[in-house]
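Protein chains in written order, with my numbering: chain X, 1 to 340; chain F, 1001 to 1500.
If you're looking for bench data, these hints aren't it; they were derived computationally from the structure.
Treat the hints with care, as some may be off.
EDC-like cross-link-like pairs, simulated, lysine to aspartate or glutamate; straight-line CA separation at most 20 Å [said to hold, decoys possible]: (1) Lys207/X <-> Glu1119/F; (2) Lys1053/F <-> Glu1063/F; (3) Lys225/X <-> Glu1083/F.
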Amino acid sequence: MNTQATKRSNITKWLFDNVIYVFLILLVIGIVIASPDFLSMTNLINILSQSSSRIIIALGIAGILILGGTDLSAGRMVGLAAVVSASLLQAGDYAYKMYPNLPELPLFVPIIIAMLVTGLFGTLNGFIVSKFHVPPFIATLGMMIGVYGITSIYFDRPPYGAQPIGGLSESFTTFAQKGIKLGQYEFPYLILYAIAFSIIIWVVWNKTQLGKNMYAIGGNAEAAKVSGVNVAKNIIIIYMIAGLLYGFSGTLEAGRVGSATNNTGNMYELDAIAACVVGGVSLSGGIGTVPGVITGVLIFQVINYGLAFLGVSPYIQFIVKGAIIIVAVAFDMRKHAKKK
Amino acid sequence: MSEASSTNLLEMINLTKRFPGVIALNNVSLKVKAGTVHALMGENGAGKSTLMKCLFGIYSMDEGKILLDGKEVSFANSKQALENGVSMVHQELNQVRQQNVMDNIWLGRYPKKGIFIDEKKMYEDTAAIFKSLDINIDPRSKVGTLSVSEMQMVEIAKAVSYHSKLIVMDEPTSSLTEKEVNHLFTIIKKLQSENVAIIYISHKMEEILKISDEVTIMRDGQYIATKSAKELTTDEIIKLMVGRDLSQRFPAKINQPGEVTLKVKDLTAETEGSFSNINFDLRKGEILGVAGLVGSKRTEVMEALFGIRGLKSGSIELNGKVVQNHSPQHAIKNGFALVTEERRTTGIYPELSISFNSIIANLPQYRKGLFLSESKVHDDTKWVIDSMKVKTPSQKTSIGSLSGGNQQKVIIGRWLLTKPEVLLLDEPTRGIDVGAKFEIYQLINELAAEGKGIIMISSEMPELLGVTDRILVMSNGRAAGIVDTKTTSQEEIMRLAALY
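Pulled out of the complex, with its shape left as it was, chain F reads as follows:
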């Protein structure tokens, strides 16, 4: 690199971060100039968050160094980063909802008069920052009463209040309306004019090209390129972000979609600002993928189908009959099954045995008088272990001691025991190593070949392209389109995902 390092506010040089079995960052560099907006792009899992976590000391890097203003730094925690003028606006907002706006902004460093908090100064300083950023929020209102976009504005104001030299914004527009996005851009421009640098993480191409000066692209934990935004087009960014071969990662398809089993019409969520007007069909023996960015409300649609979320309008038809899934109990009875996204929090009972974890969604089947039939429990657990190819020493082994892939197989087995017609899989291979992923894909294939209708959410584009028959692409709570897997491309899906 020939650029004089004096113009760089932040230099992250040759960072490497290893986790057991994975290299999350492989020799990645990032250089951000003062007073510029630097976009950081890459697919989910490309290593963007890991890189930022290394900057804020949440992860410790294995190799490499970080220079701020030419001096080597190594923050132990976010407090130290803040004190050195580096702050972050988190995607998932970290605020105390029960307290008011100014309490949140000055948390950890309240202005004081003697031993008392100087409320007046707090109020005035907050109001002054809000005024300078053109934010119209009462500093005394409770954070819990604000809208998500207002909370986001408060977070940005908080970052500004630290007199930061560098602000990292992680998907800052994921919950903003267009008008609010423009407001955010005005704020960014203003910060830029005060020589503040912004690292802007987003999936939205148009935004990136509009707001940023430079773009760094990462893929699979590797640094790919840093280019001036002026030289880039959406297509070029996508090409740089994607670009890997798919051969041998997926089993050959063996399923044959048949007649329509599930018809979803005009589904609209009860909660304002969630999904609306979702329409799609699912055939027997078909694997329907669901693609979309974080915040596209994919999971919400699955939860609504499974009766976890309420619907304002729309209908769900299974084999020609309208079904009402008011709760998971109804949904299970009606032939639906859901393998949830967060396996650890909503899937497994980690301390309990494989046997318990296999039968728990289906207990009434095992009743014999007042008790549970031990032999039937044993037989079904055996079926789960054999047919899902779970590697375990015994039925009594606690599920927490198995690998992620084997845990997931047990969970899929659990839901197959309820004899579902429609199997909903939310990120079924998240946190599972490559070999086990193949087995899960194979399992999904076989289930479809047996005639089950399968809907699979995934954030991994190659996985969707390698496993599914059709893909429903969601964007900002709406269905942006349904594409045929055979004829579509990652570029088309990404474009649809960024449509709304």
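The following block holds chain X by itself, in its conformation from the complex:
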């Protein structure tokens, strides 16, 4: 036995297994070398807060991808939740309230209502996929289009018609825009929400029966079935959880921007799926971790923010992001490719 060779192959293996974390670190180092100013608390907080609502969406989609499914309706559900929550919590003195006579509700009411609405559509996705065996791509494509229609009808109504739902109440904007003061920095609540959801989802995936079943169904649905797992029920619950997460994320989007339209959230699902696959979630199911998903989102935000910081044209950023998605998956396929 050549211990040096074993050691080297161990390092190679470790690098291979942790390639996305290494990549994120190298990316940050590269940007810092190009511009040392990048390394600041302000930049870190900005990147994290921009990542927050994306992490929550990505965690929802990741569960579905691990099941072996997919969800194209995520972005439109975010939009629906944004419009619904914004319409229910406009400031009392705002001139264009959707519900002029609605008293100012406590903050949690619109959030819960928005989450229930998207949770319901998520459940419906899961139901269609598991009971009617409609391929997830098609089921959620239909849902994506249908939900956009529903959002638009809700949005484009008298008395004021299709215009951004703004003038949000102060409690709402505080919830999404403010943070905890720590010395000279303000640590946004957004980041705390993302951390909280990450922990909850990590626990669900790793410590509960639902989580184990999710990995088992994605890995080998037949094996799960013959071991007595109720496959359909588990699929429906995972889709429902995703819906709830989109709902929360939608309220964050409304609060963060300060208004919502029927186009809020458009195409977010593709960003989230991209972040998941870059973060090591397998599109064929059965594989994926919470830290991986978070890292996938962070990689894209660091590229967004970092390249903008360096003054790189946004068009070039698109090319870089596109290339990363393809390279990451090609790399992943090589890792899992089995020789006949």
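Dock chain F against chain X, hints included.
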């Protein structure tokens, strides 16, 4: 039967199962005593799996009843069977490779602490079962990283974890080394001492005689006999398993083998544990059969000849010239054709027409400038339909709507259009009814008579004896021998197949 039924743990009484056009089980009975190993034997297609599928509720039986511990049972699915102490170690392993060993063992019934999974208990329980069975696998290792034999051990441990009273093992040693087989036997003995009954399905005679207490033999969906293993010899088992006449099932042979066309030398697969050192010749106009049990790697050899699998060493010579079949494209160009075993998954394009299915392996021939020549496509499809005697209303009929036999004729026709010198047929009559089989045999005969070299894998012994000129017998990835069809017997072939 005079035995007191109280000693029988499982009684399957007079089971009959019909499929459209076939009686898969005809009045079959099986009685298994607690604490014994009961071997279930029969050729492929004898009805062993069907019988087990009836036990686990995968098939519903048409007649008969099943008693477990004297009480009548009828499981709706494998979960119910498991809950009643009846489990199965499947031949093709059904595991979640991405998850770890203990996740797989407790799938569907994780131990919980409140709403959380009790990982500690899972680990300890798994480790305890492994220790009691002397299995040396880390419960936390990923199933995908285990060897096939380790996966098999995990499956057995899983069956044990259900506190089963009855464990069905389907070809449990097909992928085990001798040492591992001995380990498995130790486990079986231990289970037996705890009054667990084992139904042991295997083709390996020596094993059966060594491990089992009783042997039940089936043939063609019929119950033949149940005997004590002590009274049996390999020859007697084979005689009971075979024993049917071959007259009129096969057309008269008309082919005349000529000079050697294909020389295969020392072929060894790239994949570890597949086949090694395969040598044989094939003559023009000869039909060479390939016999072997499940797991003997017959299909792998065919796939290697056709460039689907990589080779570590060895050479393939066609008409005196070494050929390199790195991919199916190369193989087709070099004059090889392969009719695959799984017609539905790798043979037909079910929704598409007979015409499409006929020409698809050979498209470059039909090019006329940028387009395909409609008239040539039409002519060749017509040739396939006429010369293969395909019964179809038109060329545009989708192949999926034809019978299995007619589908197979189209597929053979497709490969003949590539003008092969060597035609590889992997189980060419699987899933085809008896009448159509005769036509396929006739076709194979005629092709050989025209001078094609034909290699035909089959699991049906009578078919090999009725159609081929010589038979290559494979055993566990090695060539156990090549026998002359005229002088050999089923007994000799079976003995060779169980050689390694």
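For each hint, the structure was consulted:
Among the hinted pairs, lysine 207/X with glutamate 1119/F is consistent with the structure: their alpha-carbon atoms are about 8 Å apart, no more than 20 Å. With a C-alpha separation of about 14 Å, the suggested pairing of lysine 1053/F with glutamate 1063/F holds against the 20 Å cut-off. Using a Cα cut-off of 20 Å, the hinted pair lysine 225/X and glutamate 1083/F holds, with the two alpha carbons roughly 14 Å apart.
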